[in-house]
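Required output: the full structure, derived from the provided sequences and hints.
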Amino acid sequence: MIEVVTVSTEQELADAYAVRMKVFVDEQGVPADIEIDELDETADHFLARLDGRPAGADKEGTSPPPSTQPTSKNCPPFPPTTEHDAPPGPGG
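Residue numbers (the working numbering): 153 to 244.
Simulated from the structure, these hints should not be mistaken for lab results. Ideal Cβ positions, reconstructed from N, Cα and C, are used throughout, including at glycine. Misleading hints may appear alongside valid ones.
Said to hold, decoys possible - For each label pair, taking beta carbons as the anchor points, the in silico distance ranges come out as:
no.	residue 1	residue 2	range
1	Lys174	Glu212	11 to 21 Å
2	Met153	Asp185	30 to 40 Å
3	Pro183	Met153	27 to 37 Å
4	Val175	Asp196	16 to 26 Å
5	Pro183	Asp203	27 to 37 Å
6	Met153	Asp189	29 to 39 Å
7	Met153	Ala184	26 to 36 Å
8	Met173	Glu212	14 to 24 Å
9	Met153	Ile186	25 to 35 Å
10	Thr161	Leu191	16 to 26 Å
11	Met153	Glu190	31 to 41 Å
Structural data, given as structure tokens:
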């Protein structure tokens, strides 16, 4: 059974952080100081459990100051997602 709860205990918060560290830091290579930051202190945290075991996590209700949000000047463009988005190849 899948259950999603709003984090309300220290253990739930520790479980949510553990999931985020495994997924984003260990698996995707996000620096830990970016994944866990000062915005976590005021965020609402959520924990997903699968059969009672931590399986997912999220935080909501925060955003970085405007000066630190990605812009087109410091963020590479997204790659095409379909063949219709891709630029034409050689010859056409």
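For each hint, the structure was consulted:
| no. | hint | result |
| --- | --- | --- |
| 1 | Lys174 with Glu212: 11 to 21 Å | holds (20 Å) |
| 2 | Met153 with Asp185: 30 to 40 Å | holds (35 Å) |
| 3 | Pro183 with Met153: 27 to 37 Å | holds (34 Å) |
| 4 | Val175 with Asp196: 16 to 26 Å | holds (19 Å) |
| 5 | Pro183 with Asp203: 27 to 37 Å | holds (32 Å) |
| 6 | Met153 with Asp189: 29 to 39 Å | holds (32 Å) |
| 7 | Met153 with Ala184: 26 to 36 Å | holds (31 Å) |
| 8 | Met173 with Glu212: 14 to 24 Å | holds (18 Å) |
| 9 | Met153 with Ile186: 25 to 35 Å | holds (33 Å) |
| 10 | Thr161 with Leu191: 16 to 26 Å | holds (20 Å) |
| 11 | Met153 with Glu190: 31 to 41 Å | holds (35 Å) |
In summary, the structure agrees with every hint in the numbered list given earlier.
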